[in-house]
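J.: Those sequence lines, one after another, are chains A and B.
Each number in this note's numbering comes from the position in the first sequence (counting from 1) with 753 added on.
Each number in this note's numbering comes from the position in the second sequence (counting from 1) with 753 added on.
Hints should not be assumed to be uniformly reliable.
Derived pair list, reagent style DSS-like, types lysine-lysine, alpha-carbon separation capped at 30 Å [said to hold, decoys possible]:
(1) K1021/B - K951/A
(2) K1001/A - K828/B
(3) K1017/A - K1025/B
(4) K829/A - K1000/B
(5) K1024/B - K1024/A
(6) K938/A - K830/B
(7) K1010/B - K1017/A
(8) K1017/A - K1021/B
(9) K901/B - K828/A
(10) K1025/A - K830/B
(11) K1017/B - K1021/A
(12) K944/A - K1001/B
(13) K1017/B - K1001/A
(14) K1000/B - K1025/A
(15) K1024/B - K1000/A
(16) K1017/B - K938/A
(17) K1025/A - K1024/B
(18) K1025/A - K1010/B
(19) K1000/A - K1025/B
(20) K1001/A - K1054/B
(21) K1010/A - K944/B
(22) K938/B - K830/A
(23) K842/A - K1001/B
(24) K829/B - K938/A
(25) K944/A - K828/B
(26) K1001/A - K901/B
(27) K1010/B - K944/A
Hints in this document: simulated from the structure, not taken from any laboratory.
Protein chains: 2
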Amino acid sequence: MKIAIDAMGGDFAPKSTVEGAIEAAKRFNDIEIVLVGKTEEINKVKTEPFPKNLTIQHAEEVILTEDEPARAVRKKKEASLVVASRMVKEKEVDAVITAGNTGAFMASGLLIAGRLAGIERPALAPVLPTMGENEILILDVGANMDPKPEHLVQYAVMGKIYSEQVLGIQNPRIGLLNVGTEDTKGNELTKKTFPLLKALSVQFVGNVEARDVLNGVCDVLITDGFSGNILLKTTEGVASTVFQLLKKEFMHNTLTKLAAAILKPGLKNFKKKLDYSEVGGAPLLGVNGAFIKAHGSSDSKAIMNAVRQARLFLKNQVIEKIEQEIAKGVENQNDDK
Amino acid sequence: MKIAIDAMGGDFAPKSTVEGAIEAAKRFNDIEIVLVGKTEEINKVKTEPFPKNLTIQHAEEVILTEDEPARAVRKKKEASLVVASRMVKEKEVDAVITAGNTGAFMASGLLIAGRLAGIERPALAPVLPTMGENEILILDVGANMDPKPEHLVQYAVMGKIYSEQVLGIQNPRIGLLNVGTEDTKGNELTKKTFPLLKALSVQFVGNVEARDVLNGVCDVLITDGFSGNILLKTTEGVASTVFQLLKKEFMHNTLTKLAAAILKPGLKNFKKKLDYSEVGGAPLLGVNGAFIKAHGSSDSKAIMNAVRQARLFLKNQVIEKIEQEIAKGVENQNDDK
């Protein structure tokens, strides 16, 4: 198993990516890691000799956060992310991890690695923490803005496999994001998708309202990329607003500052619980390789966690299993004819 | 100006509605209020004689929260909400306020009062508090699940007028909910709507990301009913989760309980700031009458605020202004031909 890390992607790169890569290479001796990026910059930030299973692949260019994604992927042929994705395409590595530009990440997966046989639309699938014991995998949050019902069915198939194989959830509960819990609720897309999910051999728990998502009422949440993006960014926005407001209340006077100090350890947990970046990277499911997007603000620990995720992805053969399930679906459809 | 209040709708009805109606009738002597509902129950909870401008219209039935909305509106012809809506239709009153079943509220507006001339799809438009000084009016959050670009343009026209006339915002900033701020972002709907809003004679500030909504980057947010509903319910869900988590941290031990006690007054403000129900009722814009939906958990103060809102709605001729603007738009289209 070979995993490429885009050394230049992320707010704290290349320090975070190099340190994370070293840590991961030391921890997992059944994988090889390739740091893709500017050799000089990588060497400048490294604080210890690389383990044997960690190497560098030089890449001259860098895709920036502000770059227009698809254009950058096409034009910057020597960008670290593009080089890493090409290595997947050419089977030199099996996985790519980046904490850089999300749009460029998706474009690289789609344009360079390409879609899996039978998959019409890949899905970006981050994991949200919940108030319950579980975490929720959400597909899609932005790879495909106008999916058809059949695409959402494929999301369910891919989500189930990823949830089982990487997140370790047996027979995950699949929910459909909707405006009400009744079976007949929704827009045209969800109304048409509902019976298809019901007929699928997954544990479909029906429609899920946005307000119940954080209560962990399902393990895999299916939605179109537009609505998924709204859900994710609203969660992020409200959580961030809450912390700003809380901080303001805490700084009110000496007494409230003291109270805040007492509460600090608990609030740290609390913040962690709400911080969806803690849970790890988001896979782009349905492309030809393990593509993992780590959060832009990833530190070395987050990079190391993304490696752990990519390793499970490969070890448990997520791609092969998706291909098999999708092929079965196609066979069934042919049988029906 | 005559305002009907559905006496039976809401978690705390009829106590909340009767007390709110009395308070409002005493405060505003330029309006007449009609409490619509079971006379006996209304009289049972009233604690003081009614002012002259407050009367009862008996209605035998009640629409429950769990009733299927459209069906309930059609079948329960003597339900308080249905009777009140019929009074609007027959010009016996100018406005309806309810804290009951939201779906039934929308169905009553659409099926009984009917749409305004030229309006293709009415929109439910609640107000969200923000971290800034302003509040944001969002249309639509659920009246229309699959709108066309032209419908969203009408939302902008209606939203501008309501924002100016009822919320008192001069030349409100109109934003389009989207997955990124760049002009070309989005799904088919937002991509097609963007140039139409740009061409409209409103202060269009472009695409708005969900994470920026609570920062108050616009005054009126335009979106389809499905996405608007996701935005609203996610906000509600995250805020409620936050308070549950905070409470848990506060109850940790004696010291944290003490700290929580110190912070209590500030946190009350904080909670209020995040509670979107505080801001008032949501109008159903585009129907033939002032239809105001108060939050299900409305107390008498919230009902009284909804009356204040309905009064401004009528006094400042929101309906007439919407009809004029929409007629202008139709004329302009004819000119173009």
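J.: Against this structure, judge whether each hint is valid.
T.: Okay, the hints, checked on the actual structure:
1. K1021/B - K951/A: Between K1021/B and K951/A the Cα gap is close to 44 Å, so the pair fails against 30 Å, i.e. violated.
2. K1001/A - K828/B: With a Cα-Cα distance of about 52 Å, the restraint between K1001/A and K828/B is violated, given a limit of 30 Å.
3. K1017/A - K1025/B: Status holds; Cα separation ~23 Å.
4. K829/A - K1000/B: Since the Cα atoms of K829/A and K1000/B sit roughly 50 Å apart, the hinted pair is violated (cutoff 30 Å).
5. K1024/B - K1024/A: Measuring from Cα to Cα gives roughly 17 Å; hence the hint holds.
6. K938/A - K830/B: Holds, at about 24 Å.
7. K1010/B - K1017/A: 13 Å, holds
8. K1017/A - K1021/B: It holds: about 19 Å lies between the C-alpha atoms, which stays within 30 Å.
9. K901/B - K828/A: At roughly 36 Å apart (the allowed maximum being 30 Å), K828/A and K901/B break the hint.
10. K1025/A - K830/B: 52 Å, violated
11. K1017/B - K1021/A: Roughly 19 Å between the alpha carbons, so the hint for K1017/B and K1021/A holds.
12. K944/A - K1001/B: 38 Å, violated
13. K1017/B - K1001/A: At roughly 13 Å apart (the allowed maximum being 30 Å), K1001/A and K1017/B satisfy the hint.
14. K1000/B - K1025/A: Holds, at roughly 16 Å.
15. K1024/B - K1000/A: 13 Å, holds
16. K1017/B - K938/A: 40 Å, violated
17. K1025/A - K1024/B: 20 Å, holds
18. K1025/A - K1010/B: 21 Å, holds
19. K1000/A - K1025/B: 16 Å, holds
20. K1001/A - K1054/B: Roughly 28 Å between the alpha carbons, so the hint for K1001/A and K1054/B holds.
21. K1010/A - K944/B: 47 Å, violated
22. K938/B - K830/A: Given pair K938/B, K830/A holds - Cα atoms ~24 Å apart, limit 30 Å.
23. K842/A - K1001/B: 49 Å, violated
24. K829/B - K938/A: Within the cut-off at roughly 22 Å; holds.
25. K944/A - K828/B: Holds, at about 25 Å.
26. K1001/A - K901/B: 42 Å, violated
27. K1010/B - K944/A: 47 Å, violated
Hint compliance for this structure: hints 1, 2, 4, 9, 10, 12, 16, 21, 23, 26, 27 are broken, all remaining hints hold.
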